[in-house]
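Chains as they are written, first to last, in the working numbering: chain A, 210 to 923; chain B, 282 to 598.
None of these hints come from the bench; they were simulated from the model. Since the model is a prediction, treat every value here as computed from it, not as a measurement. Check the hints yourself; a few may be wrong.
To be verified - Derived pair list, reagent style BS3-like, types lysine-lysine, alpha-carbon separation capped at 25 Å: (1) A:K663 with A:K585; (2) B:K329 with A:K652; (3) B:K483 with A:K603; (4) A:K603 with A:K585.
To be verified - Incomplete in silico selection of chain A near chain B, CB under 10 Å: (5) N649; (6) D686; (7) L691; (8) L695.
Positions of the beta carbon are idealized from the N, C-alpha and C atoms, including for glycine.
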Amino acid sequence: MNTEPPTPARDATVAPAGTPAAPLLQVADLSVTFSTDAGPITAVRSLSYQVQPGEVLGIVGESGSGKTVSSLAVMALLPPHARVSGSVRFQGREILGQSDKDLSAIRGRRIAMIFQDPLSALTPVYTVGDQIEEAILVHADRGGGGRTAARARAIELLALVGIPNPRQRAAAFPHEFSGGMRQRAMIAMAIANNPDLIIADEPTTALDVTIQAQILEVLRTAQQATGAAIILITHDLGVVAGFADRVAVMYAGKLVEAGAVDDLFYRARMPYTLGLLGSIPRLDIGRRQPLTPIEGNPPSLVNLPLGCPFVPRCPMRVEKCIEVEPDLLPLAASGQAHAAACHRSDEIERLNMTSVDVFPAPARPAASGVRVPREKRGSLLDVRDLVKEYPLIKGAVMRRRIGTVHAVDGISFDIRESETLGLVGESGCGKTTAIIEILNLVKPMSGTIVVLGKDTAAMTPEERFAIRRDLQVVFQDPMASLDPRLPVGDILAEPMHAHGVPATDRGNRVRELLQLVGLQPEHANRYPQAFSGGQRQRIGIARALALQPRVLVLDEPVSALDVSIRAGVINLLEHLRAALGLSYLFVAHDLSVVRHIADRVAVMYLGRLVEIGDIDEVFDHPAHPYTQALLSAIPLPDPQKERRRRRIVLQGDLPSPADPPSGCRFRTRCQKFAHELDERMRQRCIDEAPALIDRTGSQDRLDACHYATPSSVL
Amino acid sequence: MTVPTDPDPLREAQDTGPLASRSPIPLDAIGTEAASRGRLVVRRFLHKRLAIGGLVAVLLLFACAYASPHLVTWQYNELDTSAFLSSPTIDHWFGTTQNGFDMFALTMRGMQKSLIIGLLGALLSTTLAAVVGAFAGYFGGVLNAVLLTFIDLLLVLPSFLIIAILSPTFRGRTWLIFVLLLAAFQWMITARIVRGLTLSLKEREFVQAARFMGVPGWRIIFRHILPNMSSLLIIDATVNVSSLILAEVGLSFFGFGVQPPDVSLGTLIGDYAGAALTYPWQFYFPAGCLVALVLAINLVGDGLRDAFDPNAGIRIT
């Protein structure tokens, strides 16, 4: 490498090109250290960035990268035992080291914060209106207007963030609000005093994707109303792509790359950023996309080694990387605006490398030979009109039934040999209830479940036990699904023990399984705590494979994992499917992952299927308005596409499954119902529940909308 | 694929191989920071000075109770006809009784009995509580209703009275019946706690995973559910030891427990309570041993509770 060292260097704070104006927020050399039993943890290491008035800065990083801690440090909200050094200047005034009283004049007034979990951020014993009022009154100058004015302003704010009937809802308590509504209330509180800077810490992570779209809209409205700058902290590159002007990527407490959103997404120059971008499944590409996992795990922040913290996971490392940690330096070609912390970023720039160049993507398992047409393959799992209802019971002594929760209300689908069906829907739509019903292998309340040709209603206990061999499950949370008291070897041997595999064979099979999922046989003696999330999920998969099943039920298998780990597990699942000829029932709320892995997809809404069919068919030309809205709500990690897209934002929240709307269940939120249909057509939606039938005349697709019209939303 | 022009030695080594086996981190590196939970508990326990003191005291008293008969000249059933009502001397450390029994030997013998009754009873009652509670919680339904009713029934019975009434029937037979009876009235509250914990553990994914694998219910209980509440069970057993010792002492004091010629701390205290003011060594030595024993066990119990509770350790030093 003969490139000369970039000259304008050392304190390369990342500033947008050509902005001479004084920055709103200037963070310089910020470090935060916590002392713990295990030794000092440096959560943030010499972080420097600037925020200009009115701009949106996205800070992206995985869990533990220090993004939340750094934003709390900016607000001076860290606990007293945290050691903070460096400088945070807000409107030219130093924030660090100020007394709490002085800071209170700034916090909530000039800088506002929106937290991830709106339930714990609102006080449960005061009404939402009171809390917004308080936020206003606390900062009110000389009592101007007083309570009545504050009340009026609170209601105005609630209306601004899109809460229907704001006057009545202001008198409601936080628990009476849904998650999305609470987050709206939080935003209302944040903008109550026209702040200059809003720090939003994972504001949509806890929310469903259609609600996320609503909240991002509200945040945009709020920004327009106040002209505030926003620091958006998230792990979701899609959210950043559509929302931020500039993006900073954090890894192990440091900024590793920063620049304008387009620079970062299309011309990333740091291997970690490239890896992140390459490891997200894209909703608009699907199976053709090679996923490039970043191997290994983020480093522990205790006793970080000297060199670049990404070294152990970096395919491009050289000797220098192990010895010297690179500084965040502007790139030769793009000047101050785009900076990366990598010794080899100039090289990456010169060769214009992409994630596939840096991270070798594993070869996609080839579809074995000519695929037998679907109709000719045998059915492994056939669910017809499955119903599951829960009674709503009131009273402890005089128990009486006051209603019914229609969790699953007549869904039908089947899975053929070596096929993956993705079952998607938002939380509360009944997808988990449906798979638990299937896994229980008992007679359902109504409808039939046929597994490998055997009806669960007619099974003897012996048959049921034997069928369990072929139908295994992988759970969402790899922390909860492995017994912490057993070593991994015992965990893997358990299904074999239950099904009478001789003890001598079990040991061999355990070693075989560990290798199959990319772990090492010696790991059999360790306890689950010794493994990271991704590794534990691999153990969960290995356990499910122990008895060589034919169908795997995967319940959100990657949603609890960090982005960079996720790709590895998805690739593993694809590899296993091809190698072992498995069929998957893949339950997920993340449509991008489903698009990547599934052959067919079934979309669920409020206990019913609204659309089912071939994955590309459904994703490219969704027919049902809900599918369209769902797909449209998902942000793409592609800034240019994001800017061009028109987003369908659904109204309101999911209705209660205890009291579903008559006729079509989606009609209360349906954009088609609201804007396109006339009175007579609407009446049909209200009166008649649409059946799941083939309306579009396509090969393999059913939908449940009276007025289905396929259209593309990606 | 546009490969960078300069050869990268590190790159080559890991370019092939399926999936995760390419991991550049030597996987041996994992697991170093994750000290096993058991070791963590031990470490936290060792940080509690009082609990360590308690543990040492319990072990000393235990050793003393069992070793001393072999080390001293006088046994609990031997009379020293040359020393009636002697105050503590070199020969008789705790003095003697009116009949010339050696008070030290008697106290140690009593402590043996009390300790064994406490330990055995606690083991029995905690085991019973764990099994009944876990089965009621895991299987639910009719079994749950029957077991819960039974538990509630036992809870309202006056245990002291019942043992007192039954005591003549086992007079002259083994003291093990007495242990059984004590344990039978000790387990109910723990069983209810175990049942509650089982209900929540039952919903945990690793239990569901085992269930969907076809592992039978009883094995899930013994393999997954009970080991995962072992901290509760250990603490409960420890606390039960001291409360059973106290129950034994109470019953024996009134003559319903351990029967002569055998002695326990309870019978000793009962027999010599009247001498507390006149010949104080007869009363204060066994009573002091009782207090020391129970206090030490309770300190151990407290220490264990703190060591097992992950929230108790969050103190930045």
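Self-check item: Contradicted hints - numbers only
Solution: Violated hints: 2, 4; rest satisfied.
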